[in-house]
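> The residues making up each chain are set out below.
There are 4 protein chains.
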Amino acid sequence: MLSSEIEIDIRFSETDAMGVVWHGNYLKFFEDGREAFGKAYGLEYLTIFDKGYFTPIVKSEIDHKAPVYYGQKIKVITKYIPAKSAKILFEYEVVNLTTGELCAVGKTMQVFLDKTSRTLELLTPEFYHAWKVANLAQSN
Amino acid sequence: MLSSEIEIDIRFSETDAMGVVWHGNYLKFFEDGREAFGKAYGLEYLTIFDKGYFTPIVKSEIDHKAPVYYGQKIKVITKYIPAKSAKILFEYEVVNLTTGELCAVGKTMQVFLDKTSRTLELLTPEFYHAWKVANLAQSN
Amino acid sequence: MLSSEIEIDIRFSETDAMGVVWHGNYLKFFEDGREAFGKAYGLEYLTIFDKGYFTPIVKSEIDHKAPVYYGQKIKVITKYIPAKSAKILFEYEVVNLTTGELCAVGKTMQVFLDKTSRTLELLTPEFYHAWKVANLAQSN
Amino acid sequence: MLSSEIEIDIRFSETDAMGVVWHGNYLKFFEDGREAFGKAYGLEYLTIFDKGYFTPIVKSEIDHKAPVYYGQKIKVITKYIPAKSAKILFEYEVVNLTTGELCAVGKTMQVFLDKTSRTLELLTPEFYHAWKVANLAQSN
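Chains as they are written, first to last, in the working numbering: chain X, 1 to 140; chain E, 1 to 140; chain Z, 1 to 140; chain S, 1 to 140.
A hint or two may mislead.
The list treats identical chains as one, so a pair stands whether inside a single copy or across any two.
With a Cα cut of at most 30 Å, we get these calculated DSSO-like pairs of lysine-lysine [claimed, not checked]:
| hint | residue 1 | residue 2 |
| --- | --- | --- |
| 1 | K87 | K39 |
| 2 | K84 | K73 |
| 3 | K87 | K59 |
Hints in this document: simulated from the structure, not taken from any laboratory.
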């Protein structure tokens with residue numbers, strides 16, 4: 001399985017009046033996770049953009065297991081989930097490095113939009129097919 | 001079914017470099033929806049807090065149907081989903097009022113934490129049970 | 001003096017672990033104030049954009065007088081400050097409507113960028129000059 | 001002069017519809033800068049909190065010199081500015097590491113609040129006086 005890890009320091013601005021990280025900020029951590037994955041495997045946002053595509057998030061899920069407090073550090077583990085269709089799927093685990101606890105898991109789905117017309121690509125773009133062939137073989 | 005509606009102007013700061021509302025900001029719109037629901041039905045965050053509880057989000061899902069651009073206005077329809085256990089469930093529809101399109105749907109689940117001990121309440125708090133009896137009957 | 005007012009409900013996500021609105025969020029409130037001003041006087045972001053310009057913020061200042069807590073409501077008073085050069089200046093007062101207190105004041109400066117070339121306009125764009133003539137006379 | 005540096009990758013969610021980092025996000029970068037300074041010199045938010053104080057921002061200023069685009073990396077240089085009164089002053093320089101340009105400068109002022117009573121400390125707290133004696137001497 002292709003995966004990557006990134007460590008993130010919590011920003012004070014990311015906490016809320018319960019004293020913990022506001023739940024919606026985990027989508028920012030997932031974004032950091034995707035970008036770390038992209039750097040590790042040559043699938044960064046700007047690389048995809050240069051190939052002619054936007055890849056907006058069309059679905060996201062977060063499942064919170066434990067709170068994270070200011071001053072704690074987290075690690076996001078981002079796992080690539082192969083899909084047959086023209087989609088990019090990731091699953092995430094957020095580990096609180098201060099406590100060792102799994103604090104959240106999540107999923108996202110991205111699609112390909114032609115960056116000029118902003119229309120949905122129903123077929124897997126060629127560059128992404130090539131990426132899959134190269135990387136999914138490599139990871140066996 | 002208990003539901004409420006709120007109209008929201010998109011902030012420029014809520015857009016991203018694709019020129020549309022950044023996907024994670026929908027969780028802020030859901031928050032606005034919950035609070036509008038709370039005002040309509042006497043179940044606001046601070047009311048619950050005064051009863052002794054935090055109600056953190058433990059699950060959230062967003063399903064995007066269409067982008068929203070700066071300058072457009074949205075409406076969030078928040079629907080209360082009755083649950084037997086000590087949970088609060090909502091479903092959301094986000095309608096782009098400028099285009100008439102449904103632009104996103106979503107769900108959240110909240111649990112009750114004792115605000116002092118921060119421990120999970122396994123049983124439905126009495127005040128919430130009373131609220132359900134009063135409001136769910138009322139809505140038949 | 002040209003000015004406008006807008007009332008804003010604080011979002012839970014805008015609070016921080018001190019239990020108050022995180023200081024940086026006031027720049028979002030100023031943005032709401034500018035947009036309310038724009039609606040009142042025909043100087044909205046998209047109107048300016050249609051005329052061919054971006055108007056990025058190049059300076060901002062916030063001076064905090066008192067905290068704002070979740071559940072409180074604020075009002076932003078946005079005052080247009082005439083300037084001779086190709087700049088847009090605003091001053092802001094943020095009033096806590098729950099307590100009646102002035103909770104913050106601030107300033108912003110915007111310049112005009114050609115939206116295609118992204119180069120700075122050193123001269124006041126014609127449409128903005130016309131706007132000033134029409135509105136500043138009107139306000140005498 | 002006491003100062004510290006931190007490098008920050010721009011998040012996609014930090015950009016806006018002009019395609020650049022939204023101006024208000026620089027206050028998050030300043031926050032990262034302060035925390036990096038705190039780590040380097042033993043003046044972290046949580047250290048101060050343990051001594052009995054909140055140190056809210058009461059003034060902030062940002063002066064933008066050049067835009068920052070997604071995919072670019074920045075460095076925040078945080079400089080401690082000694083003050084006689086019970087205040088903490090910092091100045092910031094944000095350098096775009098991709099272009100080498102200075103993209104923003106800024107300032108913040110913090111005060112000390114007793115964390116229980118939330119009242120303003122008019123005199124320099126003893127621990128902070130000791131910190132100044134130790135660190136400002138050290139830096140000569």
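> Hint by hint, where does the structure go against what was stated? Just the numbers, ascending.
2
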